[in-house]
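Using the sequences and the accompanying hints, generate a full structural model.
Residue numbers (our numbering), protein chains in the order written: chain D, 1 to 198; chain X, 199 to 535; chain Z, 536 to 1110.
Read the hints as simulated data drawn from the structure, not as lab findings. For clarity, every value in this text was computed on a predicted model and none was experimentally measured. Heads up, the beta-carbon is just placed ideally off N, CA and C, and yes, glycines get one too. Watch out, some of these pointers could steer you wrong.
Stated by the list, open to error - Covered by chain X, per the in silico footprint, the following chain Z stretches (three or more residues, Cβ under 8 Å):
(1) 601-610
(2) 724-736
(3) 767-777
(4) 889-901
(5) 919-927
(6) 931-944
To be verified - Okay, the calculated beta carbon distance ranges per label pair:
(7) X:I285 with Z:G1048: 35 to 41 Å
(8) X:E275 with Z:V565: 40 to 46 Å
(9) X:E428 with D:L51: 40 to 46 Å
(10) X:T391 with D:T55: 27 to 33 Å
(11) Z:P703 with D:V188: 33 to 39 Å
(12) Z:G861 with D:R198: 26 to 32 Å
(13) D:I146 with Z:P703: 31 to 37 Å
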Amino acid sequence: MSDVALEPTNSNEVWKLPSRGIVGMTCLILAESAIFVIFVVAYIFYIGKSLTGPTPKDVLELPILTTICLLSSSLTVHAAVSTLRKGKNQLCSLWLAATVLLGGIFLAGTAHEWYDLIYKHGLTIRTNLFGTTFYSLVGLHATHVIVGLILLSLALLFSVRGEMKEEYSEKLEVLSLYWHFVDGVWVVVFLVVYVLGR
Amino acid sequence: MFANCEWWGPAAVTLAAFAADPTDIFAPAGTPASSIFSLSMLVLGITTAIFVVVAGILCYVLIRYRSRSSGDEGEQEPPQIYGSNQIELSWTVIPILIVVMLFLATTRVIYTTEHARRPANSLDVTVIGHQFWWEYHYPKLGIVTANELHVPVSDPQHPLPTYLTMSSADTDHSYWVPRLAGKMDVIPNKVNTMWIDPQMKGLYLGQCAQYCGVQHAKMLIRVYADTPQEFAAWVAHQQQPAVDDPSVAVGRDVFMHNACISCHTIRGTVATGRFGPDLTHVGSRDTIASGSVPNDPANLREFIDNPANFKPGALMPPMHLDSHDLDAVTAYLTTLK
Amino acid sequence: MGTQTPVIDVHDQKTQVPRRLWLEVLHGWVTTVDHKKIGLMYIGYALIFLVIAGFEALLMRIQLAIPNNHFVSPQVFNGLFTMHGTTMVFFVGMPILFGFGNYLIPLMIGARDMAFPRLNAFSFWISAFGGFLLYFSYVGGSGLYGAGSAPDVGWFAYAPLTARVFSPGHSTDYWTLALLLTGIGTIGTALNIVATIISMRCPGMKMSRLPLLVWLYLVTACLTFVAIGPLTAAQIMLLLDRYVGSHFFDTQAGGSAVLWMHFFWIFGHPEVYILVLPAFAFANEIIPVFSRKAIFGYPAMVAASVGIGFISLGVWAHHMFTVGLGPGENTFFTLATMIIAVPTGIKIFNWLATLWGGKIHFTVAMMFAIGFLFQFLIAGLTGIMLSVAPFDWQLGNSYFVVAHFHYVLVGAILFMLFSAFYYWFPKMTGRMLSEKMGKWHFWLFLIGFHLTFDFMHIPGLLGMPRRIYTYEADRGWMIWNLIISSGAAVQAVATLLFVYNMVWSYFKGPIAGPDPWDAWTLEWSVPSPPPSYNFAEIPTVASRRPLWDLKHPEDPDSDYEIDEPAAQTAEEEGA
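Shown next as C-alpha cells:
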C-alpha cells in the first residue's frame, strides 16, 4: 500500500499518501540519530579530559581516502536507484556492486586504522576517556556500515539474479535512505573526531 | 544578603523553635532555608489560588450541566461549540504572565543563594560522603571527625556561615538538613559547595538524600550549632590527640594489633587508616553508625562484634573478636573522649 | 459522504462454528499479526505486570508503615522499589498505552491494520521477552553484597552505583538488557504508529480531520524516537563500562557521574510525557462523548499537544536541580519547566470548556475521566512547585516528589486508563462492563488513591527522603506512613474488583452492539468486536466526526470545520 491512489466517491482529487516504507525508514533514522547524538555528546564532553594516555593529536590521522570512498558510495547507491527506476537492471547491479565495494574499502580502512591504534600506539577502549569515546563512536558507526553492507549485498544478489524489478525501486530507495544516513553520520563523526577533537 | 532576611525569615525561625518535627522544611533555622521558605509561600499561594479557581469551575460545570433527562432516545444534543479565539487567547496569556512572575521571583532566590557573597570569617568544612557515613575535615583547624558536625551559631547581625565543600569517595550521596538549607548532592569526581548558618543553638537532623546503596536509609546527619564559646571549646578538644588512658591498655592493644588500624585513624597512635571514620574522639560522640544508634558501651560492643546487627550491608566487616577482646576494645574506645 | 457500513449483529461463535482446539486458539494468538489481537496481548501483559508491581508496592508499604520495621530486609526493599518502578514504567505503562494505540488507531483512521503488521508482532514479543528477562533476575541474578537477586539500583540506575565495583553480580545487567530489548520493541511500535497515521488514512481523512487520540499518539510516537535513543545509548555505555573496561561513567578515570544523569533524564523526562500523552488522548475522546459536545478548540489542542512534545525535550535537568549544575542552568530549566505549564493548562481549560454547556452523563468511564481532571490539575500544580529550583532543593528526592509523580501516574494516567477500559471494553469484547461494579471500583479506588497520595506529600515536607527502607521514630513521619499504607490496601481491593469485573463481564456482561455510547469516531461504525478486516468497505470521511454527520445530516460538522494548514505541519512533524 504505497502511493496508490484511492478514488473517493465525491471528490475530484486523488487520495495520495506518502509511502509507508519511506516514512518508516525516516522514523528509524530519527531514532538512530538520537543514539548517535548521545555518543557524539559524550565524545565532545570528554575532549581533553583524559587523565593519561595518547591524545587524539598524537595518534589520529585524517582518513581522507576512506571518507571519499564512503561518501561516493552515496552517489553510487543513488545511481543504482535511478537506473532501477528506469528499468536498466544491469546498470543497477553495477552501481550496487560499486557501492558495496566502496563501503568495503571504508571498512577495511577503519580496520587498518584500528590495528595501528591498538598495536602501534597502545590505544584501546579501556586506555583512557579518549579511547573509550573514540572506539565506541566509530565502532557504533562501523556496525551500522556493516549492517548496511549486508543489506546492500543482498540487494546486489537479487539484482544479479535478475530478480530486482522496476516495481521494487521504492524498496531500494528505502534502503538507500538508510545508506545516506550512515554516510551523513560519518560526516558528523569525521568533523567531531578528526577535525574538532584533534 | 545574610543580614537581610525578609521578615518571614526571622518570624519563621522564631516559630520554628516551637516546631515539633526536627526535619520540617517549614521550620527554617537558617538563611538558605528561610529564603526557600519565603519563596515557597509565594508559590503555594499562587498554586492554591489556581486550584481554587479551576477546581471551582469544574465543580460548577459538573453540577450545572449534568444531564437531567432520563436518557431516552430522542434526547436533544446541546449546542455544539467548536472554539472561541478570544477565550482561548485569554487563557494562554494569563498563564504566561503568571509564569513570568513566578520565574522572576525564583531566579532571584537562585542567585542570592548560589552566589551569596562569602564573609571573610566564614568557617570551612570539607565533607566527604562515603557508603554509609559522613567524613568531616576542618582544614584550617586541623580537625578530622565523622558523622557529627559542629558549627558555630550565626548571629544575623554578624553572620558566621559555615561553607561545606563536598565530594564523594564512592557513589552519589546528597547532604540534606531541611531546617538549615536545601539539599546538595555529593558526587564523586565533582566538588559542590553549599553554606549553612544556623541562627539558633541546637541539634539539627538530616540524612542522605540520594540512593547510594544498601544502607542509604541509615546515613544520618547531625549538625550541632554551638555558641561561640562551646564551639571554641569543642575545637580545642578535637585538636588534641587521642586520650591515652593506661587502664584500658589491654583494649588499646587489641585495637592496634587487629585489622582495625587499616581502616581507622586514632591520632597519636599507629592507627592511620582512612577507609572508615576517624575514631580519635569517638567517645565524645552522641551516636555511632552514622547517627542511627546511641553511643553507649552496649551498642558499641554490639556494633564492633558485627555491624550488621545495626546496619546490614555496612562496609565494616564483623571483626570476629572473642568476648574478652570485645569487652576490652569497647572499654578502650569509650575512653576516647 | 460516508458509505453506510451495514451493522452486523454480534453472533455467538460457540453456537455457530465448531469449537476450535485450545492449541489452535493459542497458535492463532502467538502467530497473529492482527493489530487488534496484538493490542489485546499488550494490554493483558501489562495488566499482569500491574498486579505484580502493585504487590511489590504493597510489600514496601507494609515495611514502611512503622519506623524501624523488619518486614523485609534492606536488600529486598531496595530490590522492591527498583523493580516496582522499572516494571510500572516499562512493563505496565508503555505496553498498555501502546496496546490501546495499536487497537484503536487503524480503526479510527479507517485502515485495515497497522502499516507493518509483522513488525508489530515482533515488537510485542521482544518487549514481552524483556519483561520476562527482568523478572528472571529474581531467580538468576545476584545483587549488591551478594544478597538478593533482582536489580536494586533504583529505576534510574545512577552511576557509579551501577559500576562493577559497587554492583557486583548481574542484577544491574538484567535491568540493562531487559530495557534494551524492550526499547527495541518500543521503537518498532512507535515507527508503526507514525507510518500508519501518515500512510494508511482512509480517503478524506486529512490530518486536520484526525481524531485527537490519533494526533496525540503521533506526537507520542515521535517523542519516542528522540527519547528512547538516549536511554539505549546510555545503557550500551554502561554495558561497555561493566564488561569491556571503558570509562564512560568511571569517576576514578575522570569519567562523570553527572553525564549518566543527563543522558538518563534526556530520556526520562520525555518518557513521562510519552506516558501521559496517551492519557490526554483518551480524555479527548471520552470527555466530548459524555458531554455530548465536540471538543472545544481542536486546533489549539493539536498545537498544545505538539508544543508539549517539543518543550518536554528541553526540561530534563529539573530532575537535577540538586546536582550542583550552577545558577545559569538551574534558572534555564526552571523557566523551561514552567513554560510547559502553559500548553498543559490550555488543555485543561479546553476540557472544561467542552464540559461547559454540555449534557454530562456520569457513566463510570466519565467518572474516571472527571477524577483525572481534578487529579491532573493537582499533579500539575505540585509540578509547578517542583519547577521552582530552590523549592526543589528541599522537596527534591523526597516523598513530595514521589507523591507528585504518583499523582500523575496513578491519579491521571491510571484513572484515564480505567476510563478507557470502561469505554472501549464493549468495542473489544462485544459486552459492557458492569456499571454497578464499576461504581464500586471507582469510589473505592478514589478513596484509596487519596488516602495514599494526598497524605504522601506531608512526609516530604517533613524531610523524609525517598528510597529508604526504614526511618527513625523521632522524625514524626510514622502517622503519615501508616495512613499511606492503609490507602494502598484499599487500592489493591479496588483493583482486584476491576479485574473481576472484566472477567465476569466478558462472559456475562450485557451485549454492547456496535455503538453503545452514541459516539462519533469510526471505530463505532464496525461490529463489536470488529471482524479481522475491520471495515467491510473502507470509509470516506468529510469531517472530524463522521458518525455525527451520519446521525445529524441536518447539521454536519463538515459545515463548520475550516481546513487548517495543520495538514502540512503535521506531515513535516510526523516524518
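Evaluated hints:
1. 601-610: holds (count 3)
2. 724-736: Violated: only 0 residues of the stretch 724-736 of chain Z have a Cβ under 8 Å from chain X.
3. 767-777: This one is violated; 0 residues, fewer than the three required, reach chain X with a Cβ under 8 Å.
4. 889-901: holds (count 8)
5. 919-927: holds (count 7)
6. 931-944: holds (count 3)
7. X:I285 with Z:G1048: 35 to 41 Å: 37 Å, holds
8. X:E275 with Z:V565: 40 to 46 Å: Given a distance of about 45 Å, which is inside 40 to 46 Å, the answer is holds.
9. X:E428 with D:L51: 40 to 46 Å: Distance hint for X:E428, D:L51 holds at roughly 44 Å.
10. X:T391 with D:T55: 27 to 33 Å: 31 Å, holds
11. Z:P703 with D:V188: 33 to 39 Å: Distance hint for Z:P703, D:V188 holds at roughly 37 Å.
12. Z:G861 with D:R198: 26 to 32 Å: 29 Å Cβ-Cβ, so the 26 to 32 Å window holds.
13. D:I146 with Z:P703: 31 to 37 Å: 33 Å, holds
Hint violations for this structure: numbers 2, 3, all remaining hints satisfied.
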